[in-house]
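**Q** Listed below, chain by chain, are the residues.
Number of protein chains: 2
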Amino acid sequence: MRFTKEEILSLEKGYRTNLINSVTGFKSANLVGTVTPEGDTNLAIFSSVIHVGANPPLLGMLFRPVTVARHTYENIKATGVFTLNHVSRDIFKAAHQTSARYEDGVSEFEAVGLTPWYSPGFAAPFVAESTVKTGLKFVEEVEIKANGTLFMVGEIVELILPEGMIAADGYIDIEEAGTVAISGLDSYHTTERLARLSYAKPDRLPEPL
Amino acid sequence: MRFTKEEILSLEKGYRTNLINSVTGFKSANLVGTVTPEGDTNLAIFSSVIHVGANPPLLGMLFRPVTVARHTYENIKATGVFTLNHVSRDIFKAAHQTSARYEDGVSEFEAVGLTPWYSPGFAAPFVAESTVKTGLKFVEEVEIKANGTLFMVGEIVELILPEGMIAADGYIDIEEAGTVAISGLDSYHTTERLARLSYAKPDRLPEPL
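Keeping their order, the protein sequence lines are chains A and B. Heads up: take any position in the first sequence, counting from 1, add 59, and you land on my numbering. Heads up: take any position in the second sequence, counting from 1, add 59, and you land on my numbering.
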């Protein structure tokens, strides 16, 4: 089956949104925790978080301007900090529910039944139930002119996870942690490892580690 | 276990790279196909592709400047087009092997045993063995000042996939397609669906679709 750009643009809006959200492949599943300067907490699910660099440790995420994530964006700009918390199989329904448009003043933590947890000296709330938790400070944002979205970059200031989950070479076994992957807008998946593969070299094929 | 930013910066380089590459969660797995103006093909695996928008249909990906992906970048800037091809369980070892530093003039297609396939009127090569194939044109790039990486945005001009894989609402069943997810730098995973969840509303909990 083949869609040209013109055919994509002529699709019914919901169909197009589902289709185009599926073509990138599997997505990361993170809950972003923020707080207003007055101390009101906010929690929102994001599927656009990607690795930007390891030294310094940087992550990036895409914001669409007019969405339910508006409070997340405003809180990060006001306080300079946010948290990323892996969505695991145990909390994926609660995580999805954070995308509902709750009234102003309602904390998604309370509404969906997740527990805010604070690390000493860090203003933004982590999700207690999440296995892999990252605290970040805002570094920069760049605008994508083509559609007015923003790519925001944060620097890791704190990383919290269970000890037994890190391999000798630093790899975190996020499958063992129960972390889920997202496809499209609303599909949640657990994973099964095929293999970790050795560093690729031109003169030999990769082997399972 | 807890790492501060200072502790992360003092880690051994390889350990830090594995660790920080794991914290974002699962990543998409795509082969990027490009061609030089002279017609020499190039193929490189990317784990940073994300959704940017559905109307117009935009995807984005991060480039580290001094990497094996240099040829991919130069080809896109020279020709204005590239392809994204899902990595499935059938080709994940060949896909990983594209990250080896082959000599100039060697096409990764031939070196790893994947087949270039061309759509009429589109210059960049697709991967014949890939189930979900997207042809894109370069739209813009923005620099991340914090580490000199580039976030590049492309617009979908063509989408090719098997007919039976699209749900009535436009969702592509990429699990059925055998698409894999990546964690860290080198771990490949198949998936098992927990559920598609209904659109979240404040007054009720999400239900499996």
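Worth double-checking, as some hints may not be accurate.
[Claimed, not checked] Pulled a few chain A residues facing chain B out of the computed Cβ check, cut under 10 Å: (1) Glu-71; (2) Ile-109; (3) Leu-117; (4) Ala-137; (5) Val-140; (6) Gln-156; (7) Ala-159; (8) Val-171; (9) Thr-174; (10) Ala-226; (11) Ala-240.
[As the list claims (entries may be wrong)] List time: in silico BS3-like cross-link candidates among lysine-lysine, alpha-carbon distance up to 27 Å: (12) A/Lys-260 <-> A/Lys-72; (13) B/Lys-64 <-> A/Lys-152; (14) A/Lys-196 <-> B/Lys-152; (15) B/Lys-196 <-> A/Lys-196; (16) B/Lys-72 <-> A/Lys-204; (17) B/Lys-204 <-> B/Lys-64; (18) A/Lys-204 <-> A/Lys-64; (19) A/Lys-260 <-> B/Lys-152; (20) B/Lys-72 <-> B/Lys-204; (21) B/Lys-204 <-> B/Lys-136; (22) B/Lys-196 <-> A/Lys-72; (23) A/Lys-196 <-> B/Lys-204; (24) B/Lys-152 <-> B/Lys-72.
FYI, nobody ran anything at the bench for these hints, they're computed from the structure. Ideal Cβ positions, reconstructed from N, Cα and C, are used throughout, including at glycine.
**Q** When the structure is checked against the list of hints, which entries are broken? Sort them ascending.
**A** Result: hints 4, 5, 9, 12, 13, 14, 15, 16 break, sorted rising.
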